[in-house]
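Student: Respectively, the protein sequence lines represent chains A and B. Position 130 of the first sequence, counting from 1, maps to 130 under the working numbering, and the rest follow consecutively. Position 126 of the second sequence, counting from 1, maps to 126 under the working numbering, and the rest follow consecutively.
Hints listed in this document are in silico derivations from the structure and should not be mistaken for laboratory results. On a predicted model such as this, the values are computed, not experimentally measured, just so you know. Where is the CB? At the ideal position from N, CA and C, for every residue including glycine. Check the hints yourself; a few may be wrong.
Estimated spans, in silico, between C-beta atoms of each pair [to be verified]:
{"id": "1", "chain 1": "B", "residue 1": "72", "chain 2": "A", "residue 2": "173", "range": "55 to 61 Å"}
{"id": "2", "chain 1": "A", "residue 1": "169", "chain 2": "B", "residue 2": "127", "range": "34 to 40 Å"}
{"id": "3", "chain 1": "A", "residue 1": "115", "chain 2": "B", "residue 2": "75", "range": "49 to 55 Å"}
{"id": "4", "chain 1": "A", "residue 1": "29", "chain 2": "B", "residue 2": "106", "range": "48 to 54 Å"}
{"id": "5", "chain 1": "B", "residue 1": "165", "chain 2": "A", "residue 2": "127", "range": "43 to 49 Å"}
{"id": "6", "chain 1": "B", "residue 1": "75", "chain 2": "A", "residue 2": "37", "range": "23 to 29 Å"}
{"id": "7", "chain 1": "B", "residue 1": "75", "chain 2": "A", "residue 2": "166", "range": "48 to 54 Å"}
{"id": "8", "chain 1": "A", "residue 1": "41", "chain 2": "B", "residue 2": "118", "range": "34 to 40 Å"}
{"id": "9", "chain 1": "B", "residue 1": "177", "chain 2": "A", "residue 2": "160", "range": "24 to 30 Å"}
{"id": "10", "chain 1": "B", "residue 1": "165", "chain 2": "A", "residue 2": "29", "range": "22 to 28 Å"}
{"id": "11", "chain 1": "A", "residue 1": "126", "chain 2": "B", "residue 2": "129", "range": "35 to 41 Å"}
{"id": "12", "chain 1": "A", "residue 1": "37", "chain 2": "B", "residue 2": "118", "range": "44 to 50 Å"}
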Amino acid sequence: MKRSSLRSLPLRAGALLCLAAVPAVAQETDPFNKLDPNNRFSIELMIDSARNAGLPSDALRSLALEGIALKIDGKRIVDRVRREFTLLRTARTTLGPVSDEEVKAAAAVLNSGAKPAQLAAFKTREQGRSDLQAFTIWADLITRGVPSEEASSAISKLWEDGADDAIFYGLWKSVQTDISQGLNPGAALQNRIRETPVRTPQSKGAPPEG
Amino acid sequence: MIDSEQHTYIDMIAREARRPVATDRAARERIMTLVRSEPAPHRRSSVWAAIFQPRFSLSPAVSTLLAAGLVGIGVIAGAFAMNRDGHQVGQPRFAAAQRLPVSDTVVKFVFVAPQAEHVSLVGDFNGWDASKTPMVRSEHSGLWTVTLPLPEGRHLYAFVVDGNSWSADPNAPFAPDDGFGHANSVRIVNRGS
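Model the full assembly from the supplied sequences, consistent with the hints where possible.
Tutor: Dropping the structure here:
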């Protein structure tokens, strides 16, 4: 080997190390590298598709990261992310142009067992009114064992009567206390819904946002 | 030695070097036959030659220093490289707390676990990484707390007890089954809440 080649050997080695350092550091810190390449590709494809479709892709990424943190099998993570993608798309189609947070909360309601038709009642709303709390309590009630039809009907009725976040939260607090004391979830909701005050419908004439 | 003398000697050497050398014809033929029988050398591509036959040279010390500098730059650049979703990888812990956006709200999480040795908060705000948000135990009690800034919206979270047991917050609404056999909780953060 020529003398000049020998001299520049450390330079070449350094350049190669330098090129290798960037992906090496990124690999070390990217949890998606723990996935099988095929599963990773599937998940990244769904995240990209969600972004292109105007859906909150961060929900899919978060779900995949949760699965990775729990050391769940990659195929199962892919299946769950695919299901979430479908739920988000259904929620967006049903509710129309609402915020990403509302779409995610609505997808959770669908995931808990509610039907898209029951979600449609929330499509029109007063300007500035958010259904995040209503959706969260709705999903929780079904998760705790309240029959889906009863929970959907109660939440929709409160929503139409103009209930605010404090009313939804108060209802949830009462029902979960009753359930933790051993009352049947459905009966607990029926008892508490009768006691729940609702706002006087003074601003029902405001233009809908959706 | 002066220039005129130098030129004389150079001219003599040049003349001698240019003088034809008489060789044996048979010997020349033997040499040329041997040369022709050798395989032609493999020609490297121009790209290969450009990389491995540099037209400059550096001393070993300078080369080593330069290489070390390049590696350093690479490591620093790698540490701040972005992943495909635009999230910065290799961020220092609690970076969000150091640069609190105006829209974020400081939220306190509380969990009761008297027997626990270590409790962490995981959620969609920290990539479900149990090492990112450790909770602090109150003196002489089983109360674990952590305070952190969160953007407005709906957040999913859980508590990780002693590194392996995930628990939902009993004082917050449940999220539906995540599909992985674990329960999570929901915290809604409103502006100024």
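Student: Indicate, hint by hint, whether the structure satisfies it.
Tutor: Checked hints:
1. B:72 <-> A:173: 55 to 61 Å: Distance hint for residue 72 (chain B), residue 173 (chain A) holds at roughly 56 Å.
2. A:169 <-> B:127: 34 to 40 Å: Roughly 28 Å apart at Cβ, these two residues miss the hinted range, so it is violated.
3. A:115 <-> B:75: 49 to 55 Å: holds (53 Å)
4. A:29 <-> B:106: 48 to 54 Å: violated (27 Å)
5. B:165 <-> A:127: 43 to 49 Å: About 45 Å separates the Cβ atoms of residue 165 (chain B) and residue 127 (chain A), which means 43 to 49 Å holds.
6. B:75 <-> A:37: 23 to 29 Å: holds (25 Å)
7. B:75 <-> A:166: 48 to 54 Å: holds (52 Å)
8. A:41 <-> B:118: 34 to 40 Å: holds (35 Å)
9. B:177 <-> A:160: 24 to 30 Å: Holds - the Cβ-Cβ distance for residue 177 (chain B) and residue 160 (chain A), about 28 Å, lies within 24 to 30 Å.
10. B:165 <-> A:29: 22 to 28 Å: Given about 25 Å between the Cβ atoms, the range holds.
11. A:126 <-> B:129: 35 to 41 Å: holds (39 Å)
12. A:37 <-> B:118: 44 to 50 Å: Because 34 Å falls outside the window, the suggested range is violated.
Hints 2, 4, 12, counting from the list given before, are not met by this structure.
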